[in-house]
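Peer 1: Here's the letter readout for the chains.
Protein chains: 2
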Amino acid sequence: MLDPVLAKIDDDLPNAMERLLEFLRIPSISTDPAYKMHCDTAADWLVEDLKSIGVDAGKRTTPGHPMVVGHAEGTGTHAVFYGHYDVQPVDPLDLWDSPPFEPAIEDTAKGKVIRGRGSSDDKGQLMTFIEACRAWKAVHGALPARISFFFEGEEESGSPSLVPFMQDNADELRADIALICDTGLFGDSTPAIVTRLRGLLGEEITIIGPDKDLHSGMYGGVSMNPIRVLTKVLAALHDDQGRITVPDFYNGVPELPKDIEAQWNDLGFDHTAFLGEVGLSKAAGETDRSALEMIWSRPTCEINGIWGGYTGDGFKTVLPAKASAKVSFRLVGTQDPHAIRENFRKMITDMLPPDCSVEFIAHGASSASEMATNHPAFEAARCALSDEWPNGAAFVGCGGSIPIAGHFKKILNTDAMLIGFAKDDDAIHSPNEKYDVESFHKGIRSWARILAKLA
Amino acid sequence: MLDPVLAKIDDDLPNAMERLLEFLRIPSISTDPAYKMHCDTAADWLVEDLKSIGVDAGKRTTPGHPMVVGHAEGTGTHAVFYGHYDVQPVDPLDLWDSPPFEPAIEDTAKGKVIRGRGSSDDKGQLMTFIEACRAWKAVHGALPARISFFFEGEEESGSPSLVPFMQDNADELRADIALICDTGLFGDSTPAIVTRLRGLLGEEITIIGPDKDLHSGMYGGVSMNPIRVLTKVLAALHDDQGRITVPDFYNGVPELPKDIEAQWNDLGFDHTAFLGEVGLSKAAGETDRSALEMIWSRPTCEINGIWGGYTGDGFKTVLPAKASAKVSFRLVGTQDPHAIRENFRKMITDMLPPDCSVEFIAHGASSASEMATNHPAFEAARCALSDEWPNGAAFVGCGGSIPIAGHFKKILNTDAMLIGFAKDDDAIHSPNEKYDVESFHKGIRSWARILAKLA
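Protein chains in written order, with my numbering: chain A, 1 to 455; chain B, 1 to 455.
FYI, nobody ran anything at the bench for these hints, they're computed from the structure.
Treat the hints with caution; some may be incorrect.
Heads up, incomplete: computed chain B residues facing chain A, CB under 10 Å, no partners named [unchecked claim]:
1) P14
2) G184
3) A236
4) Q241
5) T245
6) R298
7) G392
Stretch by stretch, here's where chain A covers chain B in the computed footprint (C-beta under 8 Å, at least three residues) [stated by the list, open to error]:
8) 39-49
9) 147-155
10) 249-260
11) 282-289
12) 333-344
13) 349-362
14) 379-390
List of simulated lysine-lysine pairs, BS3-like, C-alpha gap at most 25 Å [what the hints assert, rightly or not]:
15) B:K8 to A:K232
16) A:K453 to A:K409
17) B:K8 to B:K137
18) B:K282 to A:K212
19) A:K282 to B:K212
All C-beta atoms, glycine included, are put in the ideal place defined by N, C-alpha and C.
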């Protein structure tokens with residue numbers, strides 16, 4: 001059953017890449033309202049593509065960008081596959097070597113890549129699964145199992161519509177296992193199944209001082225400068241050991257179990273190579289933790305954006321009326337994002353000097369989650385992946401936050417399994433994002449093998 | 001001699017305002033290269049206007065924006081008048097209630113104002129002097145003294161061409177006294193002669209970490225975040241008492257002489273009203289200094305702009321490759337701007353964690369200066385101002401930095417006298433800049449009186 005499917009995948013690769021390029025040309029940036037129409041177009045494109053392989057698919061409205069849901073009849077295990085069609089913003093645009101939404105296949109020193117925003121995160125990844133299904137359908141006239149498809153368009157902007165939609169459509173989306181393709185390989189030759197994900201809490205803060213911009217000659221020194229206040233409160237979020245100072249922040253942060261620690265040590269993670277890839281040499285963060293632990297099992301607090309005052313060419317001696325920053329927390333264990341939001345806001349508010357006020361905007365909150373590795377699908381997938389790749393598949397952690405996995409469990413009682421083929425140098429969320437043609441090709445083959453095992 | 005000139009000024013006020021509005025319509029923003037042509041246009045406008053009152057005027061090229069120099073023959077004291085025709089940038093544009101370069105006369109609760117960028121700083125102010133000359137010329141056929149005019153177009157962008165130009169044209173610009181109109185009244189009814197000015201040092205710093213923007217899920221916690229480093233180094237520039245921590249920063253900062261302190265106390269400065277004007281209630285800055293002392297005789301360090309990472313709508317979990325800030329210092333006494341620049345850069349560099357580098361851009365450096373109040377022009381001007389305004393003129397300090405005063409003394413050995421008619425609520429460097437019609441009208445009359453005394 002499987003071999004002709006794999007052969008079909010190999011034969012059809014050029015067409016599969018053309019389809020992906022077409023999908024990548026749609027600038028579906030979800031966080032920027034100016035791109036709303038393009039998100040809609042991307043959803044329509046997915047519906048049409050699913051229909052072309054016999055899936056009963058449709059676009060479903062939400063208060064934000066639409067969902068795409070589809071179902072294919074079949075026997076055996078019922079799997080629901082999740083991906084997201086929205087992409088990150090592209091700024092700073094001047095650092096891209098080619099336009100982000102004019103994707104192309106490029107030859108590089110490390111092999112052929114598909115270049116463009118979304119090529120890896122997540123359009124390229126989600127298409128690996130659809131292409132595997134297309135090959136099964138072409139060869140055998142049907143998919144090998146009962147499969148549902150569930151795509152959202154707000155993953156890069158906090159997924160505001162996701163939970164209500166899953167609650168309202170729980171019966172339709174529930175399955176034996178949820179498959180999610182939004183993660184990476186462990187190494188270039190080592191596929192990975194993610195067993196734990198960090199949660200994410202986003203906050204935007206604006207410090208407000210005088211009621212108008214002031215001249216620093218007339219008011220400098222004697223009046224409150226919101227940028228100075230902002231740097232003080234942000235600088236206070238970490239102590240000298242890199243620990244986060246928000247009160248009660250570490251409540252619910254577990255120490256790593258010895259067996260997992262041993263398993264991770266066996267992975268032979270090369271943190272020098274990992275950091276060297278991006279021009280760094282030394283692990284920052286908590287001084288008493290290993291790099292892998294910091295990425296997979298420790299919480300973080302990062303400033304993702306900051307702005308205030310005059311930022312153009314030249315100089316302007318202004319004291320601005322306000323200054324802002326975007327701050328995010330990655331969460332682990334049973335850390336409660338809502339309690340942390342509250343403590344963070346109180347901490348900042350308590351630090352304010354006289355004549356200053358602060359405004360907060362909430363940008364999403366999700367807890368960390370751990371996968372049910374004892375579910376039989378995990379062992380099936382591990383074998384399938386090990387058949388396709390040079391090295392056997394590893395159970396790994398993930399520093400990113402993919403709240404959908406927790407939602408499948410909490411809302412639908414459906415265990416989730418995260419398998420993806422991105423590489424560390426894919427530059428997701430950065431200029432010049434790419435996806436290796438090898439990731440795409442072997443990714444499709446991997447899903448074909450996994451579907452065969454699940455059938 | 002004087003009375004018909006004052007009468008002419010009163011009669012001609014509507015025409016004088018029309019001329020000012022025409023001048024204000026030229027968007028001569030010097031710091032932004034996009035406005036270079038408009039700076040040139042403003043210089044041409046001044047040349048024509050000076051010629052119209054019989055001044056032998058011309059535009060003089062520099063490596064930056066042009067200077068305007070003119071001479072009018074006359075007897076008695078030789079005065080050189082300085083002003084600047086360039087203006088501040090206008091962002092944030094959305095906070096303006098009317099377009100910044102479509103000036104208009106507005107009725108307000110506090111009287112008529114001239115609204116628009118540059119109305120107060122410095123086009124409106126410099127025109128008070130030109131209009132006074134125009135009235136003298138119209139009534140008596142000549143100016144009452146030998147007068148030179150010297151206007152620059154780079155005051156708001158660090159005056160890069162000023163010192164070389166003054167050095168190259170020293171003989172032409174040297175005079176018995178330099179008159180500068182770029183300062184304010186002490187109170188609405190109290191004219192002021194500025195006797196001390198703070199210096200200004202500008203620095204732009206960029207902290208550089210990873211060699212590309214990173215995803216905070218993958219790298220958060222373990223890799224250096226330049227925004228975090230930037231907030232740490234900027235937050236360290238002041239201690240808890242508001243003192244500046246740059247090594248040796250206070251070298252050359254004198255304690256205020258008792259006689260000046262007594263004189264300032266007599267001024268009855270209302271710091272509550274001063275701060276209340278901009279929505280503040282409490283003096284920030286050094287905890288053991290009075291508000292007036294902090295503005296007039298203490299040095300400052302302020303952050304005038306900050307930017308890095310994602311600053312658009314929504315949220316992006318990016319760790320940026322770099323983050324920047326513009327920092328300025330106001331200097332007093334004999335503080336050496338070049339030594340402070342060096343110590344500031346060393347302090348920042350020494351604070352950097354591994355894997356971080358920093359780049360600096362210098363944005364101008366000028367020392368503080370004190371005026372020669374024993375020069376006879378000071379007493380003459382004090383009497384003339386006291387004749388025009390309800391309250392007698394005060395000798396005051398100024399928190400701003402007008403390096404030209406020090407240049408006149410150092411390069412030309414010409415003492416400078418700073419007299420201006422701006423008010424604290426003029427919103428210079430801010431949206432909705434204005435100049436009171438009363439400032440303009442009584443300013444013109446004040447100069448007519450001062451010229452009569454100097455003649």
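Peer 1: Indicate, hint by hint, whether the structure satisfies it.
Peer 2: Hints versus structure:
Of the supplied interface hints, the one on P14 of chain B is violated, with its beta-carbon coming no nearer than about 30 Å to a beta-carbon of chain A, more than 10 Å. For G184 of chain B, the interface hint holds, the least distance from its beta-carbon to any beta-carbon of chain A being 8 Å, beneath 10 Å. Satisfaction of the interface hint for A236 of chain B is found here, the shortest Cβ-Cβ separation to chain A being roughly 8 Å, below the 10 Å cut-off. Hint on Q241 of chain B is violated. Least Cβ distance to chain A is approximately 13 Å, over the 10 Å limit.
Using the Cβ-Cβ criterion of 10 Å, the hint placing T245 of chain B at the interface with chain A is not satisfied: the shortest such distance is roughly 13 Å. Against a cut-off of 10 Å between C-beta atoms, the interface hint on R298 of chain B holds, since the closest Cβ of chain A lies about 6 Å away. Below 10 Å, beta-carbon pairs count as interface contacts, and G392 of chain B has none with chain A, the closest being about 23 Å; its hint is therefore violated. Remark: the stretch 39-49 of chain B is not confirmed as covered by chain A, as 0 of its residues place a Cβ nearer than 8 Å to a Cβ of that chain, below the required three.
Counting residues of the stretch 147-155 of chain B whose CB lies closer than 8 Å to any CB of chain A gives 0, which falls below the minimum of 3, so the coverage claim is violated. With a cut-off of 8 Å between beta carbons, the stretch 249-260 of chain B has 0 residues touching chain A; three or more are needed, and the interface restraint is violated. Coverage of the stretch 282-289 of chain B by chain A holds. Counting CB-CB distances below 8 Å, 5 residues qualify, and the rule asks for three or more. A stretch counts as covered by a chain when three or more of its residues have a beta carbon under 8 Å from one of that chain; for the stretch 333-344 of chain B and chain A the count is 0, and the coverage is violated.
Three residues within the 8 Å Cβ limit are the bar, and the stretch 349-362 of chain B against chain A gives 3, so the coverage statement holds. By the rule of at least three residues with a Cβ nearer than 8 Å to a Cβ of chain A, the coverage given for the stretch 379-390 of chain B is violated, with 0 such residues. Only pairs whose Cα atoms come within 25 Å are accepted, and K8 of chain B paired with K232 of chain A is rejected, the gap being roughly 56 Å. Using a Cα cut-off of 25 Å, the hinted pair K453 of chain A and K409 of chain A holds, with the two alpha carbons roughly 22 Å apart.
For the proposed pair K8 of chain B and K137 of chain B, the alpha carbon gap of about 10 Å is at most 25 Å, so the pair holds. For the given pair, K282 of chain B sits about 16 Å from K212 of chain A by alpha-carbon distance, which is consistent with the 25 Å threshold. The hinted pair formed by K282 of chain A and K212 of chain B meets the criterion: a straight-line CA distance of about 16 Å does not exceed 25 Å.
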